[in-house]
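Work out the full structure: start from the sequences and follow the hints.
Number of protein chains: 2
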Amino acid sequence: MQVNGFPHTTLWYDPTQQGVFIIDQTLLPHRFEIISLTRLEDFCHAIRNMQVRGAPLIGVTAAYGLAMALAHDPSPINEAYAAEQLLATRPTAVNLRWAIERVRATVAQHDGAQRGAIALQEAEKIRREDILNGEAIGQHGLTLLQRIYHQHPDRPLNILTHCNAGWLAAVDWGTALAPIYKAYHAGLPVHVWVDETRPRNQGASLTAWELQQQGIPHTVIVDNTGGHLMQHGQVDLCLVGSDRTTASGDVCNKIGTYLKALAAADNQVPFYVALPSSTIDWSIDNGIDEIPIEQRHSKEVTHISGMDQDGVIRELRLVEQSPAVNYAFDVTPARLVSGLITEHGVFSATPASLAALQQKLAAALHTNKTV
Amino acid sequence: MQVNGFPHTTLWYDPTQQGVFIIDQTLLPHRFEIISLTRLEDFCHAIRNMQVRGAPLIGVTAAYGLAMALAHDPSPINEAYAAEQLLATRPTAVNLRWAIERVRATVAQHDGAQRGAIALQEAEKIRREDILNGEAIGQHGLTLLQRIYHQHPDRPLNILTHCNAGWLAAVDWGTALAPIYKAYHAGLPVHVWVDETRPRNQGASLTAWELQQQGIPHTVIVDNTGGHLMQHGQVDLCLVGSDRTTASGDVCNKIGTYLKALAAADNQVPFYVALPSSTIDWSIDNGIDEIPIEQRHSKEVTHISGMDQDGVIRELRLVEQSPAVNYAFDVTPARLVSGLITEHGVFSATPASLAALQQKLAAALHTNKTV
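Protein chains in written order, with my numbering: chain A, 1 to 371; chain B, 372 to 742.
Warning: the hint list may mix true and false statements.
[To be verified] If you only want the chain B side, here are some residues facing chain A, beta carbon under 8 angstroms, derived:
#, residue
1, R526
2, A575
3, Q583
4, H589
5, T590
6, T596
7, Y629
8, D637
9, R685
10, S693
11, V696
[Stated by the list, open to error] Below, computed lysine to any residue pairings styled on SDA-like, alpha-carbon distance capped at 25 angstroms:
#, chain 1, residue 1, chain 2, residue 2
12, B, K670, A, L28
13, A, K299, B, E691
14, A, K299, B, Q585
15, A, K299, B, K670
16, A, K299, B, Q583
17, A, K299, B, E686
18, B, K670, A, H30
19, A, K299, B, P445
20, B, K670, A, Q214
21, A, K299, B, E671
22, B, K670, A, R314
23, A, K299, B, M678
24, B, K670, A, S305
25, A, K299, B, S676
26, A, K299, B, Q605
27, B, K670, A, M307
28, B, K670, A, Q151
29, B, K670, A, Q234
30, A, K299, B, G682
31, B, K670, A, R97
32, A, K299, B, H401
33, B, K670, A, V312
34, A, K299, B, D679
35, A, K299, B, G586
36, B, K670, A, T219
37, B, K670, A, I313
38, A, K299, B, H674
39, A, K299, B, Q680
40, B, K670, A, L27
Don't read these hints as lab results, they were simulated from the structure. Virtual Cβ for every residue (Gly too), placed ideally from N, Cα, C.
Following this line, the structure appears as structure tokens:
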């Protein structure tokens, strides 16, 4: 996607400098800065402190983190240590575990110094696939958006999104925003309602910035507003990402997603979730009971950062003395989800439909292996 | 209620200084400052800029504003001008109109200089009634809270509230928080989940401060969190205020209330609304179609104020370039409301039940007039 008019990705490996480069997303929308990650600690810090965030990008970053650790010390002990450190950074996104397990499976049959190079190749492959997945999600979502738009072709298509599931949450394209980018380039008149997404404001800071950089019409709203807009016919569909989806179609995503899904159901507004299939946790069925919900520091609620009139990024206190809690995600039950947009097409949020996707994935894996 | 251990109200008239004194609520929770209002412009400014806010307190403030204007110039022309200026400050809260009409009806049969004194007496009466109404709401709500608490007497009663409908929204006691104050003093173990309530953060700034000053256990959460808590059995009831309620029981309250009511219904959590009967607009039935929703300045969304580490209250920019909209209220349909706690008891949110309340009010008015 574009940054100041030039194409960009969120993460890339530079072999000449033997480092991974990322956008420090904690400084957006106020400052655009690139930083490099080389040591395992850099990768863990970047994931834990949300310099990179979003399920797909967390997975890619973790893969590179493990690969760089193996390039430095290819021993199985170091592999186990690095995997453990990376897994401990964020508990909810399933892509973290998925990416680490994938790199470990690839290096398992290899010995010695080549393990680092092989791991790095696998990380590169995960990165490339992420871009292709995002584009495929965009293409499948475009068909859906075109269909909904043509129900009311006299007015722009109003899409509400929560948090950031754009290209900043992946390597490029993103998940929930990928169909919107495709639709915009296909000439569909789109307008995006951007939930600010407290407490970390990824909507106001990242989604709004992304859309503004691509020139896509959008409006920032506080998280409380979506229900009112849906009551008044101002939302044609909701489109969000997912940090983990169960085999039955329950969707774990940024805290507050469930409230928007309830409002969508109450107002007959379609509620779609866009996700790469790597975000599906095939081992669990009941999202509310089985997905661990990350609790982050209460300071993210009681304090806020932004830019003052002198251009200095500052932190302010919002709450005096009172305690606060900070759950990062919630679970939207499958019954509230109209469909799951994946790189393999749109699936119903039902066990049967997702079982069909799982078979498709297994068949594709088998084909790849036998080729 | 208590401020730093001393009893306080939000607004009082001081005859020796011929002025009305209020707490400047825009400075809370960081600073506690009293300011005086004397000219009509002071009252309009205080309401418009939310130095006073909350439907009951807006009504009382408007009554005093009109009375002070009449004390200065008792002419009908000035009366009409002052009423018009005050009515234009906030479009949604019905108490504003109710209080102004009440003062105007009282002075209608009087001439000359005594009109100011009579208006002031009526404003004093509205103020006293507001305190009594809050206490009565508290008492009726207490019975309800005791009943819900005794369903699970092994753990504290968890109440979720949105925005501020505490004593700061009235003269004393408040509406939604009045039953909580009564319950706390009756020895019921209560704990309050405080929605921060973006964009103006009245929950984090006012409700949390109120509860902290009275020593009542509470936890601040972002507005996105309530659904997750309800899914996990951590909320025993929701209790909110109302800026305007229709004759059919639709409740207009701070933006985001509707989303909490949806989550309450989805998780079988009782959802109660506390309000003085003056908040009911008997002239309308359909809240979604008929209640005008105030749109406030987008800067309340794109910028935020708080206290920096040097104790200076500052404003920060959260959003770069992107536009924002700021709807201040939404409407919760009566079907999602478990009951309305008024100064005359708890009523169902149905036309029939509210018609009974209306008859009760008419009978009380008749009794007062014939006495």
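Here's how the hints hold up against the structure:
1. R526: violated (17 angstroms)
2. A575: holds (5 angstroms)
3. Q583: holds (5 angstroms)
4. H589: holds (6 angstroms)
5. T590: holds (5 angstroms)
6. T596: holds (6 angstroms)
7. Y629: Constraint on Y629 (chain B) satisfied, holds at 4 angstroms.
8. D637: With Cβ-Cβ at 6 angstroms, under 8 angstroms, it holds.
9. R685: holds (6 angstroms)
10. S693: holds (4 angstroms)
11. V696: holds (6 angstroms)
12. B:K670 with A:L28: Distance ~19 angstroms between K670 (chain B) and L28 (chain A) Cα, so the pair holds.
13. A:K299 with B:E691: holds (23 angstroms)
14. A:K299 with B:Q585: holds (23 angstroms)
15. A:K299 with B:K670: Holds. K299 (chain A) to K670 (chain B) sits at ~24 angstroms (cutoff 25 angstroms).
16. A:K299 with B:Q583: holds (18 angstroms)
17. A:K299 with B:E686: holds (18 angstroms)
18. B:K670 with A:H30: Within the cut-off at roughly 17 angstroms; holds.
19. A:K299 with B:P445: Violated: K299 (chain A) and P445 (chain B) sit about 53 angstroms apart, past 25 angstroms.
20. B:K670 with A:Q214: With a Cα-Cα distance of about 23 angstroms, the restraint between K670 (chain B) and Q214 (chain A) holds, given a limit of 25 angstroms.
21. A:K299 with B:E671: Since the Cα atoms of K299 (chain A) and E671 (chain B) sit roughly 21 angstroms apart, the hinted pair holds (cutoff 25 angstroms).
22. B:K670 with A:R314: It holds: about 18 angstroms lies between the C-alpha atoms, which stays within 25 angstroms.
23. A:K299 with B:M678: The hint holds at about 14 angstroms.
24. B:K670 with A:S305: holds (16 angstroms)
25. A:K299 with B:S676: holds (16 angstroms)
26. A:K299 with B:Q605: Holds. K299 (chain A) to Q605 (chain B) sits at ~21 angstroms (cutoff 25 angstroms).
27. B:K670 with A:M307: holds (14 angstroms)
28. B:K670 with A:Q151: violated (34 angstroms)
29. B:K670 with A:Q234: holds (21 angstroms)
30. A:K299 with B:G682: holds (17 angstroms)
31. B:K670 with A:R97: violated (41 angstroms)
32. A:K299 with B:H401: holds (17 angstroms)
33. B:K670 with A:V312: holds (19 angstroms)
34. A:K299 with B:D679: With Cα atoms ~14 angstroms apart, K299 (chain A) and D679 (chain B) stay inside 25 angstroms; holds.
35. A:K299 with B:G586: Holds - the C-alpha atoms of G586 (chain B) and K299 (chain A) are around 21 angstroms apart, at most 25 angstroms.
36. B:K670 with A:T219: Satisfied, since the Cα-Cα distance of roughly 13 angstroms is no more than 25 angstroms.
37. B:K670 with A:I313: Judged against 25 angstroms, a Cα distance of about 18 angstroms means the pair holds.
38. A:K299 with B:H674: holds (19 angstroms)
39. A:K299 with B:Q680: Holds, because 14 angstroms separates the two Cα atoms, which is no more than 25 angstroms.
40. B:K670 with A:L27: holds (21 angstroms)
When each numbered hint is compared with the structure, violations occur for hints 1, 19, 28, 31.
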